[in-house]
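The chain contents come next:
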Amino acid sequence: MGIDLLPTLLRGAGITIQLTLASAALALVVALIAGLGRLSPWKPIRILAGTYVEVFRGTSVLVQLFWFYFALPLFGIRLDAFAAGVLALGLNVGAYGAETVRGSILSVPRGQIEAGIALNFSAAQRMRRIVLPQAFVMMLPPFGNNLIELLKATALVSLITIPEMTFEGYSLQMTTGRTNEIFLWLLLLYFAVAYPLTLGVRAIERRVSAFLRA
Amino acid sequence: MPANASDPASPENGRSDPGPVVRFEQVTKRFGDLTVLDRLDFEVAQNEKIAIIGPSGSGKTTILRVLMTLVEPNEGVVYVDGEPLWHKPANGELVRADEAHLRKVRKNIGMVFQHFNLFPHMSVLRNVTEAPIHVLGRSRSEAEDQALHLLDKVGLGDKTDQFPSQLSGGQKQRVAIARALAMQPKVMLFDEVTSALDPELVGEVLNILRDLARDTEMAMLIVTHEMQFARDVADRVVFFDSGRVAEEGPPSKIFSAPENPRTQSFLKAVLDH
Amino acid sequence: MFDWITFTWDMEFALEILPQLLRAAWITLQATVVGFAIAVVVGLVLALARRGPRIVSWPVTFLIEFIRSTPLLVQLYVLYFILPLYGVSLSAFVTGVIGLGLHYGAYLSEVYRAGIEHVDKGQWEAAIALNFDRRRTWTNIVLPQALPPMLPMFGNYFIVMFKETPLLSAITVVELLQTAKIIGSRTFNYVEPYTLVGLIFLALSYPAALVVNRLEARFARQRQ
Chain A
457 MGIDLLPTLL RGAGITIQLT LASAALALVV ALIAGLGRLS PWKPIRILAG
507 TYVEVFRGTS VLVQLFWFYF ALPLFGIRLD AFAAGVLALG LNVGAYGAET
557 VRGSILSVPR GQIEAGIALN FSAAQRMRRI VLPQAFVMML PPFGNNLIEL
607 LKATALVSLI TIPEMTFEGY SLQMTTGRTN EIFLWLLLLY FAVAYPLTLG
657 VRAIERRVSA FLRA
Chain B
95 MPANASDPAS PENGRSDPGP VVRFEQVTKR FGDLTVLDRL DFEVAQNEKI
145 AIIGPSGSGK TTILRVLMTL VEPNEGVVYV DGEPLWHKPA NGELVRADEA
195 HLRKVRKNIG MVFQHFNLFP HMSVLRNVTE APIHVLGRSR SEAEDQALHL
245 LDKVGLGDKT DQFPSQLSGG QKQRVAIARA LAMQPKVMLF DEVTSALDPE
295 LVGEVLNILR DLARDTEMAM LIVTHEMQFA RDVADRVVFF DSGRVAEEGP
345 PSKIFSAPEN PRTQSFLKAV LDH
Chain C
184 MFDWITFTWD MEFALEILPQ LLRAAWITLQ ATVVGFAIAV VVGLVLALAR
234 RGPRIVSWPV TFLIEFIRST PLLVQLYVLY FILPLYGVSL SAFVTGVIGL
284 GLHYGAYLSE VYRAGIEHVD KGQWEAAIAL NFDRRRTWTN IVLPQALPPM
334 LPMFGNYFIV MFKETPLLSA ITVVELLQTA KIIGSRTFNY VEPYTLVGLI
384 FLALSYPAAL VVNRLEARFA RQRQ
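Protein chains in written order, with this note's numbering: chain A, 457 to 670; chain B, 95 to 367; chain C, 184 to 407.
Just so you know, the hints here were simulated from the structure itself, not pulled from any lab data.
Hints may be right or wrong, so weigh each one.
A few chain A residues that face chain C, going by a derived Cβ cut-off under 7 Å, partial list only [as the list claims (entries may be wrong)]:
no., residue
1, W498
2, S516
3, V519
4, W523
5, L530
6, A611
7, P619
8, T622
9, F623
10, R634
11, T635
12, L642
13, Y646
14, Y651
15, L655
16, V657
A few chain A residues that face chain C, going by a derived Cβ cut-off under 8 Å, partial list only [said to hold, decoys possible]:
no., residue
17, L461
18, Y508
19, Q629
Note that CB positions come from ideal geometry on N, CA and C, so glycine has one too.
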């Protein structure tokens, strides 16, 4: 079944992985900043972080991608396709990640904070030594799910002509017409990367829930 | 909430000498329409072991939580070792305490919780050493020596490297007791510490508390439903009802010859079943 | 890097293209509603099939995992390019709506599964003890308890799906994003069309998300 198609698709897969990792790094940083920002005692920061989260969650990632690629240049900011892709995907997933960060911090049980008070930790120590370490553990499974969603979302940047896997598949389809084989390969390749990630996330999920039961 | 520092609301029975280690002065706490502490006057002498009993919702846990600075009272003043807890003096008046003041006063207080509240991301040893190192500024080796000694005392010297999720409920609660003891408070609060345990695990925790009550110099405030235990360890039993002390006295009196009809019916209900 | 002089928001242009975009938003909404209706049915069928004998449940489980592990865009291409090769020629809109329905059906099957598992085992046992037949056990006992807590999750997926409909532009459906693209390539003005599209999505999905949050809070309260 069309092994000759593989080199081209795998070259695209390399770009897909690069895009995923670069966007994931951006998303992680942004998620932590915005997630903590939404819990800030300072109202302007809360509003700023909240606006970012709601705007990026409230609009479509593809619209954001097109906006960064086509509309941003008209503001005088010119991004190449890869940068626009990473920016759109990273900021979009980062907005969802920010909610994960916020939710995880808030779901550290009240009793943990009370124990911290009873042991006379300062507010900053309670955050750093008790709340955040537990929240980080809770964030792992949802972050893993976000990573999988991100991997799949990279297919969208084919629409702004980044030669990742879907783009290569689409172009091959146009040039060779071998539609069945190409799309079957595409599906299998995505599945081969995403499904092990899914299984990994589930394994982590089980361990996390066992670990935090104290 | 300003309050008058010079108000000489003297306690009815002056347990004198070094002065009470805890004193509640006309303390009121309301949650919405519900008054859980109703102008409460209450004090704890140095080294005194007090069992607080009463129907659920009577406010007995709230006493502990106010003292641990987990719940801020609406009115009244709480003194710990002579110092106001929720207030600090400023220009001859008492004003609301800031975090620095709260931290200074609450180092005298320790607490063991109904649901243990161990830190799940730390080993048993670190649960016990974390606060001594980072709050009291002890060296790691000093804190670990002390922790090992305390864990031995609660019978868990062999569990230091385990995590809370690997322990039984009774073991968790014993770690929590060691953790609270490591801070060497003057007053230790026990909030229904056996209520979340399976019946067969209650005994191991109560035995440790019995030993502790016998050996320690610190005052203990124990909210409990275990009447036999209360009778064994307490110098004084306080029956709490509707946000006030309805009756108090030595265990022999409260359990054998209660005067207040509310105490009588409460004890009848819990002892008969 | 910033050159604010080049940026001008042309209000007149924005107002001029707004009606066209709003008409396109109507197409987007139709795709969402029809796609979701398909997903609701597909999800239920998949969820029930998973409860069947292994010969059914294993392939169905694999299908669900497969759909969830591959990009919707590629799935849309598959339907769009491959179906005609087998003599099935559907309009781009119908193809897209079916793609959305299958993709989110796989996700909704998990919602159904969680909802059904959420019903206490004692309820099934009580149904047996009261000698209900299978159908009545489902219609009178299990589903009435399983469905209400699912509603917020359904709402969430409805909104997620709404925001995914721009993907249909990739298979030439003239929905909101495609309309903006057409306007942009005609006028060389991308700021207004794409910004307006973003605002339209925000204006529709944000209030919807608030409603879903409220539903969620209500069910969380009831469960206590």
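Q629 of chain A as an interface hint toward chain C, with CB separation required under 8 Å: Since the shortest Cβ distance to chain C is 7 Å, the answer is holds.
Hint status (Cβ of S516 of chain A to nearest Cβ of chain C, threshold 7 Å): Since the shortest Cβ distance to chain C is 4 Å, the answer is holds.
Interface hint outcome for Y508 of chain A [beta carbon to chain C under 8 Å]: Since the shortest Cβ distance to chain C is 12 Å, the answer is violated.
Per-residue hint verdict: W523 of chain A, partner chain C, C-beta under 7 Å: holds, 5 Å
Evaluation of the interface hint that places Y651 of chain A against chain C, nearest CB under 7 Å: This interface hint holds because 5 Å falls under the 7 Å limit.
When the least beta-carbon distance from A611 of chain A to chain C is tested against 7 Å, hint result: holds, 4 Å
Status of the W498 of chain A interface restraint (C-beta, 7 Å, chain C): violated, 24 Å
Cut-off 7 Å, beta-carbon criterion: hint that P619 of chain A touches chain C: violated, 15 Å
When the least beta-carbon distance from V657 of chain A to chain C is tested against 7 Å, hint result: violated, 12 Å
Supplied contact hint for R634 of chain A, tested at 7 Å Cβ to chain C: Cβ of R634 of chain A sits 11 Å from chain C, so the hint is violated.
Minimum beta-carbon distance criterion (7 Å), T635 of chain A to chain C: holds, 5 Å
Interface hint for L530 of chain A, Cβ within 7 Å of any Cβ on chain C: holds, 5 Å
Consistency note: the structure conflicts with the earlier hints numbered 1, 7, 9, 10, 15, 16, 17, 18.
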